[in-house]
Amino acid sequence: MNVNDVTRTIMQCRPDAILVSSLGTATSSVRLVTSDGPHFYFGAAMGSALAGALGLAEAVPDRQVVAVLGDGEFLMGASALWSVAAYRPSNLTVVVLADGAYSITGGQPIPAPLHVAAVANALAGTRGVTVSSTTELAATLRAEPTSPDAPGAPLVIEATITERTWPGPSPFIDPAATVRNLRASLAQAPAPA
Amino acid sequence: MTTATKPPTPSPHVPVGLDWQLAIAQELIARGVSVAAYVPDSRLNGVLAALGERDIRLRNLAREEECVAYAAGQRIAEARPVVLMQSSGLGNALNALGSLAVPYRLGIPLIISMRGTLGEKNPSQVPMGRATTAWLGALGIQSFSLRQASEVGPVISGVLDLAFDAGETAAVLLEPELGGGRA
Ligand SMILES: Cc1ncc(C[n+]2csc(CCOP(=O)(O)OP(=O)(O)O)c2C)c(N)n1
Ligand SMILES: [Mg+2]
Numbered sequence: 007m008n009v010n011d012v013t014r015t016i017m018q019c020r021p022d023a024i025l026v027s028s029l030g031t032a033t034s035s036v037r038l039v040t041s042d043g044p045h046f047y048f049g050a051a052m053g054s055a056l057a058g059a060l061g062l063a064e065a066v067p068d069r070q071v072v073a074v075l076g077d078g079e080f081l082m083g084a085s086a087l088w089s090v091a092a093y094r095p096s097n098l099t100v101v102v103l104a105d106g107a108y109s110i111t112g113g114q115p116i117p118a119p120l121h122v123a124a125v126a127n128a129l130a131g132t133r134g135v136t137v138s139s140t141t142e143l144a145a146t147l148r149a150e151p152t153s154p155d156a157p158g159a160p161l162v163i164e165a166t167i168t169e170r171t172w173p174g175p176s177p178f179i180d181p182a183a184t185v186r187n188l189r190a191s192l193a194q195a196p197a198p199a
Numbered sequence: 167m168t169t170a171t172k173p174p175t176p177s178p179h180v181p182v183g184l185d186w187q188l189a190i191a192q193e194l195i196a197r198g199v200s201v202a203a204y205v206p207d208s209r210l211n212g213v214l215a216a217l218g219e220r221d222i223r224l225r226n227l228a229r230e231e232e233c234v235a236y237a238a239g240q241r242i243a244e245a246r247p248v249v250l251m252q253s254s255g256l257g258n259a260l261n262a263l264g265s266l267a268v269p270y271r272l273g274i275p276l277i278i279s280m281r282g283t284l285g286e287k288n289p290s291q292v293p294m295g296r297a298t299t300a301w302l303g304a305l306g307i308q309s310f311s312l313r314q315a316s317e318v319g320p321v322i323s324g325v326l327d328l329a330f331d332a333g334e335t336a337a338v339l340l341e342p343e344l345g346g347g348r349a
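Protein sequence lines, in the order shown, are assigned to chains A and B. The first sequence begins at 7 in my numbering and counts up by one. The second sequence begins at 167 in my numbering and counts up by one.
Note that these hints are calculated values from the structure, not bench results. Here the structure is a predicted model, which means the values were calculated and not measured. One or more of the hints may lead you astray.
[What the hints assert, rightly or not] Among chain B residues calculated to face chain A with C-beta under 8 Å, some are:
#1 Val182
#2 Arg229
#3 Glu232
#4 Ile242
#5 Pro269
#6 Tyr270
#7 Leu272
#8 Glu341
#9 Pro342
#10 Glu343
#11 Gly345
All residues carry an ideal CB built from backbone N, CA and C; glycine is no exception.
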């Protein structure tokens, strides 16, 4: 499974979701797969994307928000997982791209095993699952309720990336365009069922 | 747009003599702030309690960087958050300020309780307190000192204008002269 497989599967299962992507393969892949769709692309602020997704999810409770995070990104902002566990927005799903490396800076290996799904399960307010194929990822996403009042702790999906390729365009996005496009899309989109 | 400071109605949670904490909460509520992301500080307690009494959502996050990023997620959806922290936590927030709030022009209002300045007795908190306005200024973030309860209305309101209307992240510094600091 590569990063684009993951992003494509997310978009197939959650076509109306707003994605929050971290600097690295995540932002590149979301740009490619959604054709620069109205999502919250991080072009920097490494370590802040999960907290940003938490804030966005709580601001748009009728929309599904999926955070697509690099594993390096996740580790730098790991404390935010405890904040997610504390406030548990039911419209937030977290997908960590576990490629075991800081791909964008040259593929340096991440020294400790991630085990983020196990950590999410250890916290009372989040649930974790590991997936290693698009079939498993799709089955996991489809099994989750998406109605705004669905109960349940946010799901953290550790997606094992075995095929490491650079996914798409540059992640050095234009911040102004990111804000303008997402705001315009939020202003016009009726809450999907 | 400046709102006149009304005499605050008493709150069971705000200590006598610290009416400024209540006045800050009332100004934030009057201006439509709907959520406060914070890391605790004793001088913020009264503000947060008064916000909580009025059903403003309170989010005690683990790091100040998370508070800024959380507020960025709210602002990109055009909601009205406020971030509250002690000056000792500004260092933890710099990356989210400089790489997210400022370049995305998300306009986040910050309320920073000052330590390490007038009357500080803890040597370890002095360097960050002394550097607070310089750190903010280096990122192009304006900061405004609040020293008297009578100035709460215009200063809070003015910073919310800068943030929500002009798209400028801006800070109110709660200076020691306001009271409520450690004796
Ligand atoms: C605070 C900060 N530290 C370091 C960097 C440099 N940097 C940018 S992306 C990155 C690695 C990202 O790794 P990961 O999140 O795993 O993404 P991926 O492997 O998908 O590229 C690093 C170290 C930065 N931009 N900001
Ligand atoms: Mg990685």
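Hints versus structure:
The beta carbon of Val182/B comes no nearer than 32 Å to any beta carbon in chain A, farther than 8 Å, and the hint placing it at the interface is violated. Because the smallest distance between the Cβ of Arg229/B and any Cβ of chain A comes to about 5 Å, under 8 Å, the interface hint for this residue holds. Proximity of Glu232/B to chain A holds as hinted, the smallest CB-CB distance being about 4 Å (cut-off 8 Å). Annotation: Ile242/B was flagged as interfacial toward chain A, and the flag holds, the nearest CB pair being 6 Å apart, inside 8 Å.
Hint status for Pro269/B: holds, given a least beta-carbon distance of 5 Å to chain A, under 8 Å. About 4 Å separates the beta-carbon of Tyr270/B from the nearest beta-carbon of chain A, less than 8 Å, and the hint is met. Checking Leu272/B against chain A: minimum C-beta separation of about 7 Å stays under 8 Å; hint holds. The restraint placing Glu341/B at the interface with chain A is violated, with a minimum CB-CB distance near 28 Å, outside the 8 Å limit.
A least Cβ separation of about 29 Å between Pro342/B and chain A goes past the 8 Å threshold, and the interface hint is therefore violated. Checking Glu343/B against chain A: minimum C-beta separation of about 33 Å lies over 8 Å; hint violated. Annotation: interface hint on Gly345/B violated; nearest CB of chain A at approximately 31 Å, more than 8 Å.
Of the numbered hints stated above, those contradicted by the structure are hints 1, 8, 9, 10, 11, listed in ascending order.
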